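Enquirer: Below, each chain spelled out in residue letters.
Number of protein chains: 6
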Amino acid sequence: MTEAKDCLRLGIPKGSLQETTKKLFALAGYNLRISGRSYYPNIDDGDIQCILIRPQEMARYVEQGILDCAITGLDWILETGADVMELANLHAPWPNYGVVRWVMAAKEDSDFNDVKDLKGKRIATEAVGMTTRFLKEHGVQAEVEFSWGATEVKPPILADAIVDVSETGSSLRANNLKVLHVVLESTPRFVANQEALEDDWKQSKIERMLMLLNGAIAAATRVTLSMNVPRKNLDDVVKLLPALSTPTVSTLADENWVDVTTVVEEKQVRELIPALYLAGARGIIELPINKIIE
Amino acid sequence: MTEAKDCLRLGIPKGSLQETTKKLFALAGYNLRISGRSYYPNIDDGDIQCILIRPQEMARYVEQGILDCAITGLDWILETGADVMELANLHAPWPNYGVVRWVMAAKEDSDFNDVKDLKGKRIATEAVGMTTRFLKEHGVQAEVEFSWGATEVKPPILADAIVDVSETGSSLRANNLKVLHVVLESTPRFVANQEALEDDWKQSKIERMLMLLNGAIAAATRVTLSMNVPRKNLDDVVKLLPALSTPTVSTLADENWVDVTTVVEEKQVRELIPALYLAGARGIIELPINKIIE
Amino acid sequence: MTEAKDCLRLGIPKGSLQETTKKLFALAGYNLRISGRSYYPNIDDGDIQCILIRPQEMARYVEQGILDCAITGLDWILETGADVMELANLHAPWPNYGVVRWVMAAKEDSDFNDVKDLKGKRIATEAVGMTTRFLKEHGVQAEVEFSWGATEVKPPILADAIVDVSETGSSLRANNLKVLHVVLESTPRFVANQEALEDDWKQSKIERMLMLLNGAIAAATRVTLSMNVPRKNLDDVVKLLPALSTPTVSTLADENWVDVTTVVEEKQVRELIPALYLAGARGIIELPINKIIE
Amino acid sequence: MTEAKDCLRLGIPKGSLQETTKKLFALAGYNLRISGRSYYPNIDDGDIQCILIRPQEMARYVEQGILDCAITGLDWILETGADVMELANLHAPWPNYGVVRWVMAAKEDSDFNDVKDLKGKRIATEAVGMTTRFLKEHGVQAEVEFSWGATEVKPPILADAIVDVSETGSSLRANNLKVLHVVLESTPRFVANQEALEDDWKQSKIERMLMLLNGAIAAATRVTLSMNVPRKNLDDVVKLLPALSTPTVSTLADENWVDVTTVVEEKQVRELIPALYLAGARGIIELPINKIIE
Amino acid sequence: MTEAKDCLRLGIPKGSLQETTKKLFALAGYNLRISGRSYYPNIDDGDIQCILIRPQEMARYVEQGILDCAITGLDWILETGADVMELANLHAPWPNYGVVRWVMAAKEDSDFNDVKDLKGKRIATEAVGMTTRFLKEHGVQAEVEFSWGATEVKPPILADAIVDVSETGSSLRANNLKVLHVVLESTPRFVANQEALEDDWKQSKIERMLMLLNGAIAAATRVTLSMNVPRKNLDDVVKLLPALSTPTVSTLADENWVDVTTVVEEKQVRELIPALYLAGARGIIELPINKIIE
Amino acid sequence: MTEAKDCLRLGIPKGSLQETTKKLFALAGYNLRISGRSYYPNIDDGDIQCILIRPQEMARYVEQGILDCAITGLDWILETGADVMELANLHAPWPNYGVVRWVMAAKEDSDFNDVKDLKGKRIATEAVGMTTRFLKEHGVQAEVEFSWGATEVKPPILADAIVDVSETGSSLRANNLKVLHVVLESTPRFVANQEALEDDWKQSKIERMLMLLNGAIAAATRVTLSMNVPRKNLDDVVKLLPALSTPTVSTLADENWVDVTTVVEEKQVRELIPALYLAGARGIIELPINKIIE
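Residue numbers (this note's numbering), protein chains in the order written: chain A, 1 to 294; chain S, 1001 to 1294; chain B, 2001 to 2294; chain F, 3001 to 3294; chain U, 4001 to 4294; chain V, 5001 to 5294.
No wet-lab data here; the hints were simulated from the structure.
Owing to the predicted nature of the structure, the values given are computational and were not obtained by experimental measurement.
Incorrect hints may have been included.
[Unchecked claim] Below, a list of computed lysine to aspartate or glutamate pairs in the DMTMM-like style, where the Cα atoms sit at most 20 Å apart:
id, chain 1, residue 1, chain 2, residue 2
1, B, K2121, U, E4063
2, V, K5107, V, E5145
3, U, K4267, S, E1137
4, U, K4239, U, E4265
5, U, K4239, V, D5254
Chain A on its own, in the form it takes in the complex (with noise of 0.2 Å):
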C-alpha cells in the first residue's frame, strides 16, 4: 500500500516521439537522460521510475497496469484497443508532436477512389486493427496483411492499396500513390491507468506533472511583447492585442507613457507588430518565454 505510493512508473515513448519528449520535460523543468543503451531513462525526481517502450506496445502496458502513465501516440492507443485515461493532448509546434495522418492510398492510374472500390482486395497496412474498423464501418470487405514496412512501395504489386501515416504527403508523392480517406489524425497523448488514478498519491503526483507540461506546450507557440505606449495611445493599442489575455501595464517613470506587456501566439507577432507600430508603440521587444499558466 505505501509502496505504492513510492513510485509513479511513466512510459517513454521509443522511436521518433523520444528526442522531443526528452525535449519537453527538458522545458517542464525535468532533467530525463537517455542513455544509448539503457531502456530505463534516468530522471531527476526519485519518486518516478521511466520505462522506453515504443509506442505500438504502450497503450497496452498502461492498461495491465505494468505502467501508472505514459505518452503515446493516440493512433497506437486506437489500435491496440487498450483501456486506458487519456489525460492530455500534447500537440505541439515540435519534430513528431504535430499530427500524424493516417491515409487509405491507392496507385494514381487505379480504378481505386474510394473505399468501396477495394471490396475484395488485398490492403497492406502497419495498423491491422485500425484498418480493418475502418472498412467495418463502411462496410467493406477486404483482405488487411500485416505490413512490416515500406508499405508505401507496395502499389501495385504486393497489395491493391494500403493505410500508412503520411507526413507531409512527399512520400505518397514519390511513390505515385493517390488519397482516398483520411482514417486518422493522431497526436501525442498523455494516458494514465484507471487504477493509478485512484491512488490519491499518484493522481497528485501526474496531475503537477501535468500542469509543467501544459505550461511548456502553451509557451512554446507564444512570446512575450513589451513596449511603450504613449499614455494617450494606450486604448488603441490595448484594443489591438488579442483577447486572449489582459496586457499588464505598468506605470512608468515619465508619466505620458506606460509599459504594456503581454503574451501573444508567436503566429500573430507578424501581423501584430506593424500595427502596434502605427498605433504609436516604440521600442517593441519580443522575448522568448519557457512556461505559462495561465
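Take the given structure of chain A and dock chains S, B, F, U and V to it, following the hints.
Expert: For chains S, B, F, U and V alone, coordinates are given in the frame of chain A:
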C-alpha cells in the same frame, strides 16, 4: 504463356541480408544496383526483375506467386508457414549470412530453467508463430505477445521470457538473460514458387543462376595453393592434401620438380602450409578465387 | 493585375547563406522549410512563393522580374551588374552573414606587391567581372581567367595572382599568399525588382517583411538589462546607459528602489555590468530578446 | 613592464572541457573561436591571448608563469601539485562541467574491499601522483603503474585495482568493478599565477572577467518567474518565494493587481508553480536569463 | 633542355573522377597519395609531378603546356576547345569512369520536342560552349545562360530548356524532364600536350605509363578461368571459349586430363560456366586478375 | 605445467596499429573479431587468448609474463626498456605498418640547429625515456617534460624543442618546425616473453603463427606474373626476371610456346612489363596473391 517466360521475378531481402546479397550476386557475376529510394533494384540481366522485400514477408509473396523465387531466412519461411520450394542453403562466411540462432531466454536469476516452467507466463517475441509452435510441441500453454522490438530488455517487467535472435550472445549477457532452449538455427535460403519451377524457361533460368551462386559461395571459403615439389617428394606432399579434389600436377621445364596446384578450405591452410613446407614443398603460393564449380 | 498581387516571389540563397537565412526568417516569425531535394522551400505565408537559387544567379533573376525580391551577397550583385533595388543590408553576427572580403593576392615570395605589378599577368578568379572592373579602375591590363574553384592554390604555377574570398585569412596563410588589395567587402543584401516595388500590394508586403527581418537582426546583437536601483542612485546609473534608447524606469512597491530596464548592445555588457554594479545597481539580469523594433 | 600589462595570457582547456568552456565564455559575452587546427583560439578582446592546452598540463604552465590564468580541473591541479591561486569554482549544470569523481575500484568478485587490502598490489591509473598521495595518507604501500588509457578494463589481469574517473558509474558496472573509495571529487576551476595577480592591470582584468563568468554560471540554474497577483494575496505569494532575493513588485494600471517578478532556481520551479497557482497567482510566466549579478 | 626531361607534369582530375583515378593508378602499379588539403598529390615515381585540377580547367592547362599530360573528360576537352592530343579512352566499369551523357531536356508537359522548338528561348547549362555549338549545328538561335548548378530544376521558371549531365536519368525523371537530344556521350580521356610528345624522354615515359593504365583497365572486365578437361573433350571445350585469346593448354600428370586456362570477359562467365560444365569440364575455377597485356 | 600449454596469451595493439593488425591476421588465416567495447578480441583458434592493449604498455606486460607474445612498435619497446625477445620485424606496405620516424624538432626561425644547442632548454615529448637517452648519448643536459599530446604546437611558447613522431612531415611544416635529428626509426615488431619461448608448445605455436604472418607480409608486396613465351625467346625473357626465385616454366600443348610463371615484387612490375613485352612475352597476366612461403 509466352509472356510468363519473359521475366523471372526475384525477391531480394531488404535489411540485414541486403548488403551481403548484393555482394553474393556480384561474385556470381551479376551487377545488382540498389538505389537509395527505389524498391526495384536494377540487375544486368534483362530477363530478371528484382523487388526489395523484407525477409519477414518474402515467403508469403513467393507462395502467392507474386515472386518466382527469392532469398530469405529459414526462420521467416517457417514463421509464415508459407508453402515454398527450398532450393539451396546459402550459408556463407559473410556478414549476416552465417547461422542465426533463435533462443528462448529468461532472466538469469529467475526460476525459469525450461520451457515447462513457463506455463501460464507471458512470452514476448517477434516470431509469434514459431514460438506458439514450439510451446505446442512441448505441451506448454503460455501467453505469446508480439514484440515490436527491443525484446531482450523486456524481462522481467514487461515479459517473463522471450524468444529472440541471439547473434553473438552479447546482447543476452548484457541483459543478464540465460538461454533455456535453442528454438531454431536459421540460415539464408533460396526458395522458389512451385508453379514457377514447372515452367521450363524459369526452371532452367533458376538452375543456372543457382550454379553461379553456389559457385561463389563455395569459393568464399577456399583458396588455391600452388607449390613447387621435388618429384621424389610428390607422394608425401599429395598425401597431405585434403581428399576434396585431386590436385593438378603439371610438369615443369626442370624435370626434377613438378608444380602442384589444388583448391583447399581456407581454414586448413594454417595447418597445411607448415606441414607442406616440412614435406619439401617450396615457393608455396596462396591465391584467392572468385568461383569454383566442382 | 489582380493576379500579380496574389503572390510574392522570393529568392532564398542556396549554399553557404542558406542555413542562416532560414534562421533569420525563423527569428522574424516565418517558418521556412527546405526539404532535401526540392528547390521550392515551403513558407507558412500563403502569399509568398520561395525559390532556392545560387547567390551568383540571384540578382539576374530579380532584374529579369522572375523574382520580386531576394537575398544575396553584394559581391554577386555587383559581379552580375544586375539592375536591382537594394532595400536592406542584412549584416548580422551569424555564420556567413558577416563581412566577406574579396582580396587580390599573390605568393608571398613573389615580386607582386601592387595591382600595377600584374600588368600582362594571369589572374584566376571566380569573379571575372569584378576583377576586370578593378583592373580597369587601376589602369592595368592583365589576363583574367575564370576559375572553377580551389583558386587559392593556383599561384604560382596555374596563375600569377588571384582575386578570391578570404574569410579568416587562414586559407591565404596556408597557401603562403599575401594580400595586395581588398577588392570588395560584401555583406548579404535584400534586393527587389523595380517594377515589383511599384505594385502597392507587393511593396507593402515587402515593407512589413523587412520590418520583421530588421527587427530580428537588430535583436541579434542586443540584450535586455534589468536591474534594481536605489532611487537616489538612479541618475548615476542612467548616465552609464548608452544613449541608444531611453530606459524604462518603473516604480516598485518598495519606494526606495526603482526597476530600470533597457536594451543595450550585447558587446557593451562586458564593460557595463561592472560599472553598473559599482554605481549601486543590484540584481542585474540580462535577458535574451527575439526582436526589437525601435 | 608596460608591455606586461598589454596582454593577459589565458589557458583554454583542450578536450572534454573545451566545448562547454567556449559556451561559458559566449554566455559571459566573449566570442571565443577555436578553429580546427590552431591552438591559439581567437577572442574578441584585444587584451587577451588564448592558448589551447590539455587540462593535465595547464596548472604547470600557470605555475611557470607562461600563462597568467586558466581553466582546468581540480584533479589535474592536485595531480601536478602546481602552486597556483584558485579564484573560482566553475561548477555548472553543463556537459563536463559537473562533478568528476575519481574512485579506487577493483573487481566485484575480488577480495579487495578497502585500500588496506591493496598492500603490495599493482594499481593502474592515469593519476599517479594523486594515487600515490592517497596511498601514503592511508599508510599503504603498493605499486602504482601509469596507465595510457582503458584503465577500467585492466583488472584483474593487467592490474589488481585502479584509480579512475567514474562519470556515471556505467563503465564500472559494465566491467564488474566495485568502488572501494572516492579519492577525489573534482570540478573545473579558474586559476591564476600569483605574480600575475600582483599586476594591477591583470588583476582588474581577471576580476571583471570573473564577474561575467560567475554571472553566466549563476544564470544557468535560474529563471525569471513573473506573475500577476491580486493585491490581497500578495503576502501569501511572496511568502512562497525563496528567500534568495527580494522579488520586484511593480504596480499595474489595474490597482487590484500587482506584478511580481523574481529570480528562482530552475529546480524549484516544479514545486513552486503549482503552489503559486494555488495561492492566487495567474499568468505565471517563466523566462530564461543570460546572466545574473546579485 | 636536360631539365625538361627530368619531370613529367601530370594533371589528376579533382572531384568525381578523383577516387577512381587514384584506384586506376594503384592497379597500374603507382601509389598516388592525395592528402586532404594539398593540391600536389604524391606519386611514387620521382620523375612525375602531379597536380590536382578540376576537369573543367584541365585541357586548358595541357594546351598551355603547364601540364604535359592529364586525365579529364571528353566533355570538358570539347567545351574548352583546347588543342590537345588524345592518347587513350579510359572508359572502365568503375564509378564515374563510365559514359556520361549530356542531354538537352525540357519539361515533359512543355511543347518543346526538338531543338528547333527552342528558337528564341532561354537554355541554362554549365557547358555554354558545347550548347552554343550544338545550336549552331542545328541552325537554331537561342539564349544560352551559364548555370552555376542545380540546372535540372530550372525549367520552366528559370529556363525553358537545359543542357545537362544525365547519369542515370533519375534526376530527369524526378524533375519531370524529357530528353530532346543527346548532345554528347563523354568518357575519361588521357590527353597530352603536343610539344611534350616531341620530347623523347617524355614520350617514352607516357607510353609506358599508358601500357600499364590500359593493362589495368583491360583486366577490370576480365577474369581467368582454369579447369580440368578430359583429353577427349578438349576440342568441345575449346570451341566454347571466346576467340579473344588462345587458351593455355598444359599437360597434367594424369595423361587423360589436361588443364585449360584462359582469360575471358567477366560478363561471359555467366553463360560460359554452365556450358563448359555440360561439355565435360570439371574443377572450374575463376580467378581475379590485376593486369593483362595482350 | 600442462595448463601452461593450453593457452597462448597474445597482445593486440589498440589504436593506430589495430585495424592493420586485424587485417594482417586475416591474411595469415586467422579471424580476429574486435567488438566495440570488449578488450578481449575473439580469435578462431581455441589455443590463443587475445588482449587489446595500448602499444605504449605492451612490452611491459610481455616482460612481466602477463602476455606470452605481442605486436607493438619498436619505439615503445625501447621507451619502456622492457626485456623482451624480438622475433620479427612486421614492416609492411599497409596503413600504420610503415616506418615511423621520431624526430627532434624546433621552430624554423629559432637558433636551435643541433641537439648541442638545447643545453638547459625545455624539451616536450611523449617519449621521455627515449629523449633522455638520446640527450645522454650526445652529452647534453636539458629538461625533458612529458607531453600529453599536441606536442608539435608547443614551440616556442610551451617548449623550446620537441621529440615527436613525424608521419609525413606535414605536421612539422604546418607548425613551421625544422628537424634537428632523427632520433629513431620504428616499425611494428613481434615480441615474445623469454620464458614462453622455453615452453615447447608455446614456442612451436608461435613459430607456426609467424610463418603465416611472414607469408602474408611477403605476399603484400608481390604479385604473380604469368605469360606465354615463344620457346626461342625463353632465355631472353628469363634473364629479365629478378633472381629472387626461379620461374616455373611449364610446357603447353602448342610446343612452340611455354608458360612462364613467377613471383615478383609489385614495384618491379612497372619496369618489367614493358621489357617483357619487348622480349616477346604475350598474354602477360598479373594476379594478386594472399601468401607466399619461399
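Enquirer: The structure should be examined with respect to each hint, and the outcome stated for every one.
Expert: Hints, one by one, checked against the model:
For the suggested pair K2121/B and E4063/U, the alpha carbons sit about 18 Å apart, so the restraint of at most 20 Å is met. Straight-line distance between C-alpha atoms of K5107/V and E5145/V comes to about 17 Å, which keeps the hinted pair within the 20 Å bound. Between K4267/U and E1137/S, the direct Cα distance comes to roughly 50 Å. Violation of the 20 Å bound is thereby established for this hinted pair. With a CA separation close to 16 Å, the supplied pair K4239/U and E4265/U stays within the 20 Å bound.
Proximity of K4239/U to D5254/V is assessed by CA-CA distance (about 16 Å); at most 20 Å being required, the pair is judged to hold.
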